[in-house]
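Engineer: Starting from the given sequences, assemble the full structure and let the hints guide the process.
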Amino acid sequence: MKKTVDVSIPLGPMHPVWKEPCRLKCETIGERVVKAEMELGYMKKGIERIMKGRPWQEVMFLAERVCGICSVIHNMVFIEAMEKMSDIEVPDRAAYLRVVANELDRIASHLIANFSYCYTIEHETLGMYLLNTRETVMDLLEKLTGARVTCSYMVPGGVRFDLLDEDKTDMVIALDKVESEIRRYMQMFDEGPLIALRSVGVGTLTSEQALEGHAVGPTARASGIEYDVRSNHPTYQKLNFHPIVRTGGDNHARIMIRFDEVLQSVSLIKAAITTLPQGLIRGGGVMKKGSIVYAGEAPRGELTYHIKADSFGRIQEIYIQTPSIMNIEACVHYMIPESYSIADVSATYISADPCIACTER
Amino acid sequence: MTSVSAYIKQMLTKDWAHNFLNAKTAPLESPSYFRGTPHLTGKECTHCFQCMMICPSPGAIEVMKNDENGGWAPVIHDGHCIRCGLCVEICPELVLEAGRVHAMNVHDETYMQFTFHIQVNPVTCMGCGNCSVACPVNKEIDPSLAAKGTSSSDDVIMRVDKGLMTVLHEDKCTGCKTCEEQCPTGSIMVARVLEPLQLVES
Numbered sequence: 001m002k003k004t005v006d007v008s009i010p011l012g013p014m015h016p017v018w019k020e021p022c023r024l025k026c027e028t029i030g031e032r033v034v035k036a037e038m039e040l041g042y043m044k045k046g047i048e049r050i051m052k053g054r055p056w057q058e059v060m061f062l063a064e065r066v067c068g069i070c071s072v073i074h075n076m077v078f079i080e081a082m083e084k085m086s087d088i089e090v091p092d093r094a095a096y097l098r099v100v101a102n103e104l105d106r107i108a109s110h111l112i113a114n115f116s117y118c119y120t121i122e123h124e125t126l127g128m129y130l131l132n133t134r135e136t137v138m139d140l141l142e143k144l145t146g147a148r149v150t151c152s153y154m155v156p157g158g159v160r161f162d163l164l165d166e167d168k169t170d171m172v173i174a175l176d177k178v179e180s181e182i183r184r185y186m187q188m189f190d191e192g193p194l195i196a197l198r199s200v201g202v203g204t205l206t207s208e209q210a211l212e213g214h215a216v217g218p219t220a221r222a223s224g225i226e227y228d229v230r231s232n233h234p235t236y237q238k239l240n241f242h243p244i245v246r247t248g249g250d251n252h253a254r255i256m257i258r259f260d261e262v263l264q265s266v267s268l269i270k271a272a273i274t275t276l277p278q279g280l281i282r283g284g285g286v287m288k289k290g291s292i293v294y295a296g297e298a299p300r301g302e303l304t305y306h307i308k309a310d311s312f313g314r315i316q317e318i319y320i321q322t323p324s325i326m327n328i329e330a331c332v333h334y335m336i337p338e339s340y341s342i343a344d345v346s347a348t349y350i351s352a353d354p355c356i357a358c359t360e361r
Numbered sequence: 001m002t003s004v005s006a007y008i009k010q011m012l013t014k015d016w017a018h019n020f021l022n023a024k025t026a027p028l029e030s031p032s033y034f035r036g037t038p039h040l041t042g043k044e045c046t047h048c049f050q051c052m053m054i055c056p057s058p059g060a061i062e063v064m065k066n067d068e069n070g071g072w073a074p075v076i077h078d079g080h081c082i083r084c085g086l087c088v089e090i091c092p093e094l095v096l097e098a099g100r101v102h103a104m105n106v107h108d109e110t111y112m113q114f115t116f117h118i119q120v121n122p123v124t125c126m127g128c129g130n131c132s133v134a135c136p137v138n139k140e141i142d143p144s145l146a147a148k149g150t151s152s153s154d155d156v157i158m159r160v161d162k163g164l165m166t167v168l169h170e171d172k173c174t175g176c177k178t179c180e181e182q183c184p185t186g187s188i189m190v191a192r193v194l195e196p197l198q199l200v201e202s
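Chains A and B, in that order, are what the protein sequence lines are. Counted from 1, the first sequence has number 98 at position 98 by the working numbering; the numbering is strictly sequential. Counted from 1, the second sequence has number 150 at position 150 by the working numbering; the numbering is strictly sequential.
Heads up, a few of these hints could be off.
Covered stretches of chain B, as calculated for chain A (at least 3 residues, CB under 8 Å) [as the list claims (entries may be wrong)]: (1) 14 to 25; (2) 28 to 38.
Heads up, incomplete: computed chain A residues facing chain B, CB under 10 Å, no partners named [as the list claims (entries may be wrong)]: (3) GLU58; (4) LYS143; (5) ASP162.
BS3-like, lysine-lysine: derived pairs with alpha carbons at most 25 Å apart [stated by the list, open to error]: (6) LYS177(B) with LYS288(A); (7) LYS289(A) with LYS177(B); (8) LYS84(A) with LYS168(A); (9) LYS289(A) with LYS162(B).
Think of the hints as simulated: they come from the structure by calculation, not from any bench. Ideal placement from N, C-alpha and C gives every residue a C-beta, glycine not left out.
Structural biologist: And the structure:
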C-alpha cells in the first residue's frame, strides 16, 4: 500500500486571487484538506487608537477608512450610535436618503464579492460583467454623495446633501438597467454547468455549524439562519424589509444569496426614492456624554460599535467589532474541511467574502 | 444554451453594432459633481481659520498671508487633502468651493456651525496664567492684562482668580487653541463642537 503523507500547505500571505494578505495553513491527506488554520496580522492599522480623543468630525472619516469596500455602513453605524447616545432625532427624508446611500454601497460590495468568486473559479467573463455593472452603481453613489468610495455622507442629525429631482429620475433608469443585467448574470451563474461543478456542494456549512462558528451576514443566511440587523432598523421596517434566506449552505448558495440581496437592495432603493418624504435633511443637535453599543448590518454581516464619549462628543474609548472575523472562523473550521480538494480551498475562502482590512482594522 | 442565445441576441441589437463600429474609451475626466480638492472662488478671506479647525486631515489646509497684496487666503495641499468638503461647508465667506458642495448647500440651505467650550482641570492647573496671557482675545479686551494672568476687567474670557484659572465668557472664544499650546501641564482643553444645521422655514 502506498504511504499517505501528511503535508501542511500554506496559502498566502500573497495569493493571486486574494484581495488582501492573510495566511491559510492547510493540513492535507493526499488531496483532501482535513484541517485549516488562519494566520492574521499583516494589515494592522491601529485605527481605533487613532480615533481616541478626537471629535466626531474627525472620527467619522477614520471610521470610513476602516474598510474600503463597505465604507458607507461604517459611517452610518458610527453616526447612528452617536445620535442614539445623544438623543438626536433624524428627519424622515434624511433617514430615507441614508438607506439609499447604504444600499447602493451594499450593491457595490456584493458585486465585487461575486466578481472575486467568479475570478477565483476562472469565470472571468462573468466577473468582468459584474464589475461593469458595479461601475454604474458607483456612478450613482458619486452623483448622490460626491465621492465614489469615501462618501462621508451622513452627519449627526441628517445627511450632507439632498437628492435632486433630476438625479432621482437618472437613478431609477440606471437601477432598472442594473436589475435587468443582474437577472441575466444570476441566470448565467445558476445554470452554468461548469460553475456548478466548482460550487454546488463545495464548502457546505450547515445551520448548526453556522451557529457554532458564529457566522453572520450572507454566509449565515445562505445556511438557513434568518438573521439580519436591518430588520430592527426603523427605516427598513417602514420599507417592509424581510431578510432573504437560502438553505443550500454551499458556495453556490452563498453567491446566489448575494445576487438575491442585490435585487432586494435595488427594490429597497426604488421604494425609498418613490416614497421619499418632503422636509428637512438636517435636524441639528450636538453630541453629549455617554456610552453605547450599537449594531448595523454591513454587507458582510453584523457590525458593532462600542463607543464611550466625553461631554463634548470626543471619543474616549472605541471598539469596532467587524463581521469578517466571525465568517473567517466559520470558514476555516467548517467550510474548508468540507471542500473536495486543495484547489477548492481558495474558492471556498473567497465565497465567505473575507475582508481582512475590516478584521484587523 | 441560454447564454449563447443571449450573446447572439445582444449582437443583433442596433446599439451593439454602433458601439462595435465606433469603439471609444470614455473620456478621463471627473464629472462636475465630483467632490475634488477645494479651489478658491476669489472672494475675500477674513482669516477666521474655521476651515483649518474643521479639517480632519492634518496639514491639508493653511490660511496664509499673501505677500503680493497683503490679503489672506487658504492654501490647499493636494497630497494631504482627503476631499471631504467640510471646509467648504463651514466657510462663512464662501471663499472655497469643491465640486457642487457649496451649490448643494445653497440649494438645501444647510450649513455647519462651531461652538467652543473651554475645560480646565482644577487638579493639575497651577494657576500660572500662561493661557490667559497668551489668549489673543483676552489681549484685545484688556491690554493691561498682568503677566500673572490676573485682570481687573470682567469682560475677559478667562483670568486667574485666587490662584485658580476661572473661565468667565466661554462664548467669546474663537477656538484657536493657543491656551492649550501654552499650558505647561496640559490642564486646559478647548473643545470644538460642530453642529450640522439647516435653515428651518417658519
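Engineer: Run every hint past the structure and note whether it holds.
Structural biologist: We went through each hint and held it up to the structure:
With a threshold of 8 Å between beta carbons, the proposed coverage of the region 14 to 25 of chain B by chain A is violated, since 0 of its residues qualify and at least three are required. Coverage of the region 28 to 38 of chain B by chain A holds. Counting CB-CB distances below 8 Å, 4 residues qualify, and the rule asks for three or more. Interface restraint check for GLU58(A): the shortest CB-CB distance to chain B comes to about 4 Å, inside 10 Å, so the restraint holds. Taking 10 Å as the C-beta cut-off, the interface hint given for LYS143(A) holds, the closest approach to chain B being about 6 Å.
Checking ASP162(A) against chain B by beta carbon gives a least distance of about 5 Å; that is within 10 Å, so the hint holds. Of the pairs offered as hints, the one joining LYS177(B) and LYS288(A) holds, with about 21 Å between alpha carbons and a cut-off of 25 Å not exceeded. For a cut-off of 25 Å, the pair hint linking LYS289(A) to LYS177(B) stands: about 22 Å separates their Cα positions. With a CA separation close to 29 Å, the supplied pair LYS84(A) and LYS168(A) exceeds the 25 Å bound.
At most 25 Å may separate the alpha-carbon atoms for a hinted pair to count; LYS289(A) and LYS162(B) exceed this at roughly 30 Å.
The structure fails to meet hints 1, 8 and 9 from the earlier list, while all remaining hints are met.
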